[in-house]
Amino acid sequence: MAKELIKGNEAVVKAALLAGCQSFYGYPITPASEIAHAGALFFPRLGRTFLQAESEIASINMVYGAAAAGERTMTASSSPGISLKQEGMSYLAGAELPCLIVDVMRGGPGLGNIAPEQSDYNQIVKGGGHGSYELIVLAPNSAQEMADFTRLAFDLADKWRNPVVLLTDGYIGQMMEPVEFGESVGKLPRKEWSLTEGFNMDENLVSSIFLDTDELEAHNAHLQAKYRKIEAEEIRYEAYQCDDAELVLMGFGIVSRILRSVVDRARDEGLKIGLLRPKTLWPFPKDAIREVAGTANKILTVELNFGQMVDDVRLALNGSIPVEFYGRQGGNVPTVEEVYEVAKTHLSAAADVSA
Amino acid sequence: MPKKLVLERPKGFYEKFERKPGDKSNTHYCPGCGHGVIHKLIAEAIEDLGIQDRVIMVSPVGCSVFVYYYFKTGNIQVAHGRAPAVATALKRANPKAIVVSYQGDGDLAAIGGNNILQAANRGEHITVFFVNNAIYGMTGGQMAPTTLPGMKTTTTPYGRDEDNEGPPMKVSELLATLDGPTYIERTAVWDNKSIAKTRMAIRKALQCQMDGKGFSMVETLAACPSGWKVDPKNQYEWMLENMQPFFPLGVKKDIRDERESWHRTPRDNSAEEVSEALDLNVPDPKLFPSEYKKDSYRNPSIKLAGFGGQGILSAGAMLANSAMEQGYHSSWIPSYGPEMRGGTAYCFVNISDQEIGSPTVSHPDVLMAFNRPSLEKFEADVKTGGLLMYDSTIIDVEPTRTDIEVLAVPATKIADGLGNTRMANTVMTGAYLAQTGILSREAMEQTIPKALKRKNLVDANYLALKAGMEFVENQ
Chain A
1 MAKELIKGNE
11 AVVKAALLAG
21 CQSFYGYPIT
31 PASEIAHAGA
41 LFFPRLGRTF
51 LQAESEIASI
61 NMVYGAAAAG
71 ERTMTASSSP
81 GISLKQEGMS
91 YLAGAELPCL
101 IVDVMRGGPG
111 LGNIAPEQSD
121 YNQIVKGGGH
131 GSYELIVLAP
141 NSAQEMADFT
151 RLAFDLADKW
161 RNPVVLLTDG
171 YIGQMMEPVE
181 FGESVGKLPR
191 KEWSLTEGFN
201 MDENLVSSIF
211 LDTDELEAHN
221 AHLQAKYRKI
231 EAEEIRYEAY
241 QCDDAELVLM
251 GFGIVSRILR
261 SVVDRARDEG
271 LKIGLLRPKT
281 LWPFPKDAIR
291 EVAGTANKIL
301 TVELNFGQMV
311 DDVRLALNGS
321 IPVEFYGRQG
331 GNVPTVEEVY
341 EVAKTHLSAA
351 ADVSA
Chain B
1001 MPKKLVLERP
1011 KGFYEKFERK
1021 PGDKSNTHYC
1031 PGCGHGVIHK
1041 LIAEAIEDLG
1051 IQDRVIMVSP
1061 VGCSVFVYYY
1071 FKTGNIQVAH
1081 GRAPAVATAL
1091 KRANPKAIVV
1101 SYQGDGDLAA
1111 IGGNNILQAA
1121 NRGEHITVFF
1131 VNNAIYGMTG
1141 GQMAPTTLPG
1151 MKTTTTPYGR
1161 DEDNEGPPMK
1171 VSELLATLDG
1181 PTYIERTAVW
1191 DNKSIAKTRM
1201 AIRKALQCQM
1211 DGKGFSMVET
1221 LAACPSGWKV
1231 DPKNQYEWML
1241 ENMQPFFPLG
1251 VKKDIRDERE
1261 SWHRTPRDNS
1271 AEEVSEALDL
1281 NVPDPKLFPS
1291 EYKKDSYRNP
1301 SIKLAGFGGQ
1311 GILSAGAMLA
1321 NSAMEQGYHS
1331 SWIPSYGPEM
1341 RGGTAYCFVN
1351 ISDQEIGSPT
1361 VSHPDVLMAF
1371 NRPSLEKFEA
1381 DVKTGGLLMY
1391 DSTIIDVEPT
1401 RTDIEVLAVP
1411 ATKIADGLGN
1421 TRMANTVMTG
1431 AYLAQTGILS
1441 REAMEQTIPK
1451 ALKRKNLVDA
1461 NYLALKAGME
1471 FVENQ
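Line order of the protein sequences matches chains A and B.
Under this note's numbering, the final residue of the first sequence carries the number 355; numbering is consecutive throughout.
Under this note's numbering, the final residue of the second sequence carries the number 1475; numbering is consecutive throughout.
Since the hints were made in silico from the structure, they are not lab data.
You can take every hint at face value.
Among chain B residues calculated to face chain A with C-beta under 10 Å, some are: (1) PRO1021; (2) PRO1084; (3) PRO1095; (4) VAL1274; (5) ILE1333; (6) GLU1355; (7) PRO1359; (8) THR1360.
Lysine-lysine pairs mimicking DSS-like chemistry, simulated, CA-CA at most 30 Å apart: (9) B:LYS1383 x A:LYS344; (10) B:LYS1096 x A:LYS187; (11) A:LYS3 x B:LYS1453; (12) B:LYS1286 x A:LYS3; (13) B:LYS1011 x A:LYS191; (14) B:LYS1016 x A:LYS191; (15) A:LYS3 x B:LYS1293; (16) A:LYS191 x B:LYS1020; (17) A:LYS272 x B:LYS1383; (18) B:LYS1377 x A:LYS344; (19) B:LYS1197 x B:LYS1096; (20) A:LYS3 x B:LYS1466; (21) B:LYS1096 x A:LYS191; (22) A:LYS159 x B:LYS1096; (23) B:LYS1294 x A:LYS3.
Ideal Cβ placement from N, Cα and C applies to all residues, glycine included.
Put together the whole structure using the sequences plus the hints.
Printed below as a string of structure tokens:
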């Protein structure tokens, strides 16, 4: 199959349909609307459901219903819309319903602006809704990964009966790059727990309510045990030029593309800088971070916010080596030169420490 | 011998309420509560209509949060007010199911007001049983949108004041004004006659969904003696006296006979059908070798800039597309963020035999300037030793840099000569190809018909491409 030059946002829709996604429930919001536009174009061609809901809240609850009925389903929104969906995401996690939620992050707080930011890290990775739950969070950095991670998201969601978030930004969503779409999935296995046709009336119940205190505690223990298994099995990351790196850069999404150029430039000039890019933000690649900290003497985390993921990097390292932060905000994206200069100052400082 | 009469629970209920903590044989409802009667009427209807294994009951938040304890059907418990949204998707995913949303007045009329309104207006093929007891029961007797004027609740201790809280909401009348819904009736459960009418209405509403006739809702006035602080033995008199005047009973809308029957069969798409629908059945492009004229032209980052409408974005996309077809990594990104201000539209294209890192750079290898502001704004950014191309028909100043290669292309003049001034972008592309050797003419000609939305412009673009190339070749 030939490659297609396509925007990341549109690649998500094609990949979702190839993954057997049967329904899309969404509400318009910039810069995620392109996903809805592509959804409205392609879902009906296959006799599948596209519905523009009355609100973000309605759309996430429609996803709850479609997931409960056993079909692959998705929604897409951007930061303020995601805030509105948080209650529904908590219900989805509590009821263990698989689905895909795409968050094309924009600037905040409040109405903020429509330019790219990464300030939803906390509300997505730390669980912005109520209760102790985790969402599997994938952070693509190319149009190809927008497609690949969309397919992966549906597989992980079904495997673990858990909502999965594709956490991306307007930059990755707007950029056109070559994408190779795989084949369409065949018939998916029936979800025995679901309210699909022929459900079991005695056993099948989709619910997140456990009135009895011991039952709720047991349910939460079950969820936590599941999360530990996911942490053991599903961590994904990319380490680039980390083997001998004295300074390791960390960033996700569009930032990791800039950091890759920074590393290439540093290596051209003989500077030992590497890149560690989480592909899964939850589960977070803690062990990989500890591993690079064995050779590196400093980590520089770069984000489009005032420092969110950096907290998790610091927690993973527990003070073993210094962790620095550089961020831009408000929709400003740092240039390669800008980050390179910052990295160089940290590299010399790191060398001083090691000397 | 007289026949022995055995009173049995309707089959629509579980024999034992195993999901309920403690007592497994009785409901959790208070003595005198209207939910019990309405539950029983629904359970009997489910049994008599023979739809038990197709019914999915949607449990709301409120006193009826535990609907799933009782109904031997498919069951789902949902967030406060969202039952119509959840039901919408359940029905679309499972069209053979009979999806029943059971909601109280706080759930349906307050927090879920928009959800019921929109589901009704879409004419969703669901059935809503709306229990109106004019109060929030579960949370401790607070005011509902349907609470009567002057009625005391825990949040209206001086009585509902219409100046402060407005008058009670007549949901059935409101929804009946919409074109979407099919059948809406208000009933009550205060005496045998009203219960018999409720029984009929519930059956009509379910039958409506079974027949594929669209949205149906029965609003039933029911007692909440605990919330009202009324002795259960006086509750029905209280309802007749207080509720009936505000909430007139009867059919509010019934167009079942006018509606076409709807049946949806989910389709299993074949892999072939999916690729066809997604426009993925594209043959592999042909490879046309080409050679860089200079090594410094390799792996360029290119900035194309001009006015909106000059085809800047599409010229960039065409380049990125063709490079992809010839096996390169490529990326295209439109101007984004604060740099969009100031009279220029631009895009960035990267073409590389290596994986592409940052899709934008501060110092591009190539600048194609299509208007004067772009030249003035971006000339200084071009990397030392880079290439600057500009439309010398439109731009009446000359670049000043001496450390870069400068190529003036009268792109607009050439395009005018071909009869279409808007082809200047393709002329410039042709000039770039000829100057650098990055892509062959055949490669770009292969891309043009695929990338152009207006197919009648294909031949004109071929000519423009050729003219741009010839301009450079003849220099």
